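Trainee: Model the full assembly from the supplied sequences, consistent with the hints where possible.
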Amino acid sequence: MRCRHIQSMLNRYLDGELSSEQRGDIERHVGACDSCREALERLRATAAALSQLAQPPDIPAGFAERAVIRAARRREQRRVVVPFWKSFSPAMRLAAAAMVILGLGLGSMMGLDFVGGSATPPDLAQADPDAVYGFDYLSDAPAGSLADVYLTLASANNGGGQ
Amino acid sequence: MPTDEELMQAAAGGNLDAFGELVRRHQRSAWNAAWRLLGDPAEAEDAAQDAFLKILDAASRYRPTASFRTYLYRVVTRLCLDRLEKKRPRYMDRLPASPSADPGPPEALARRESAEAVRRALDALPPRQRAALVLRHYENLSYQEIADAIGTSVKSVERLLARGRDALQGRLKEPGNA
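Line by line, the protein sequences are chains V and Z.
Letter by letter, the first sequence follows residues -4 to 157 in my numbering.
Letter by letter, the second sequence follows residues 11 to 188 in my numbering.
What the hints contain is simulated information worked out from the structure, not anything from laboratory work.
Quick caveat: nothing in here was measured; it's all calculated off a predicted structure.
Cβ coordinates follow ideal geometry from the N, Cα and C atoms, glycine included.
Keep in mind that a hint or two might mislead.
Claimed, not checked - Between beta-carbon pairs, the in silico distance windows are: (1) Z/Arg122 to V/Asp20: 33 to 43 Å; (2) Z/Leu63 to V/Ser30: 26 to 36 Å; (3) Z/Arg121 to V/Asp53: 10 to 20 Å.
Stated by the list, open to error - Partial pick of chain Z residues on the chain V-facing surface, computed with a CB cut under 10 Å: (4) Glu31; (5) Ala58; (6) Tyr72; (7) Leu91; (8) Asp92; (9) Glu95; (10) Arg129; (11) Tyr148; (12) Gln179.
Claimed, not checked - Footprint (simulated), chain V over chain Z, 3 or more residues, beta carbon under 8 Å: (13) 61 to 69; (14) 76 to 90; (15) 139 to 147.
Mentor: Here is the structure:
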């Protein structure tokens, strides 16, 4: 248990992130414990390996000058692009807003007529009985109607159903 | 000599000379960190320059709650992490180096091969582990500064370093890498 606790602190020990009291505690333990000493050695070996990474190449010549040129160019580009809306005078902005509202209002009024005008759904009880009759196959057909003719022909072909 | 904070204030007011001075003072730190994280000189220059331009954009909002150097590392690291997280590991992109006509003395060759092995092992790490190791080992940042640069907690930095070192140990022990 103690070794597990000590080994959990070895990274911070290596990186100088412990108090002097904690450092002392670890050094005393590592001095007497092979397993923890080996764990610390492995960490030190990894740190030594990392130091073998090649040094970065020299910073490219003109780096700072190019950064300043890019900054100047960006500032110039932002000056030229004026936000579209801000290019309008206040009076023009008000006129544009009024036209939009008027357009929306006219559009909604025209839309009501286009859809069908009346807000009341058709009342079937008051509907034209003839129109309703057109779909009523079980009632007697009025004399001279298309339905009457059809039924006459159909009955004749079947021998009157007999 | 003006402080970094005074230069930032001047740059925020549109003074490009002040901005240029800031770049000259800190370009080495930005370049080194970007090169170690990305491994490619052209990408590193791009990322380091972008970092300075981002800093200039935010200059009017800059508050010196930490040192300018810590702030710079934060911007550079996050830009590099964005690039790393969008691409495949570098070692898969890189073509094998063609043997040079004159490899030089054996010790120099051995050093180059060791450096290459460490580069490959570092490139193979997940981006945040790589960033934590680079900022600790090469830029000497504290755990708190690393946490600030990466955008995480101190505890998380400790875990990233522990896992990164474990993974590195494993890779460097593989045949051909020792």
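Trainee: Does the hinted range 10 to 20 Å hold for Z/Arg121 and V/Asp53 at CB?
Mentor: At 19 Å between Cβs, range holds.
Trainee: With a cut-off of 10 Å, does the beta carbon of Z/Glu95 approach a beta carbon of chain V closely enough for the hint to hold?
Mentor: This interface hint is violated because 21 Å lies over the 10 Å limit.
Trainee: Do three or more residues of the region 139 to 147 of chain Z come closer than 8 Å to chain V, measuring C-beta to C-beta?
Mentor: With 3 residues in contact (Cβ-Cβ under 8 Å with chain V), the coverage given for the region 139 to 147 of chain Z holds.
Trainee: Close enough to count: is the Cβ of Z/Arg129 nearer than 10 Å to one in chain V?
Mentor: Hint holds; Z/Arg129 Cβ to chain V Cβ min 6 Å, cut 10 Å.
Trainee: How about Z/Leu91: closest beta carbon in chain V under 10 Å, or not?
Mentor: Given a least distance of 18 Å, the restraint on Z/Leu91 is violated.
Trainee: Closer than 8 Å, Cβ to Cβ, for at least three residues: run that test on the region 76 to 90 of chain Z against chain V and report holds or violated.
Mentor: Since 0 is below three, the answer is violated.
Trainee: So the hint says 26 to 36 Å: do the beta-carbon atoms of Z/Leu63 and V/Ser30 match that?
Mentor: Hint violated: Cβ distance 51 Å, outside 26 to 36 Å.
Trainee: Would you settle whether the hint for Z/Ala58 is holds or violated, based on the nearest Cβ-Cβ distance to chain V being less than 10 Å?
Mentor: 7 Å, holds
Trainee: State whether the coverage of the region 61 to 69 of chain Z by chain V holds or is violated, taking the criterion as 3 or more residues with Cβ-Cβ distances under 8 Å.
Mentor: Holds: 3 residues of the region 61 to 69 of chain Z have a Cβ under 8 Å from chain V.
Trainee: Tell me if Z/Asp92 is really an interface residue toward chain V, meaning its C-beta lies closer than 10 Å to one of theirs.
Mentor: 19 Å, violated
Trainee: For the restraint on Z/Gln179, tell me whether the closest CB of chain V is nearer than 10 Å.
Mentor: 5 Å, holds
Trainee: Just to be careful: measuring from the Cβ of Z/Tyr148 to every Cβ in chain V, is the smallest value less than 10 Å?
Mentor: Nearest chain V Cβ about 8 Å off; hint holds.
The structure fails to meet hints 2, 6, 7, 8, 9 and 14 from the earlier list, while all remaining hints are met.
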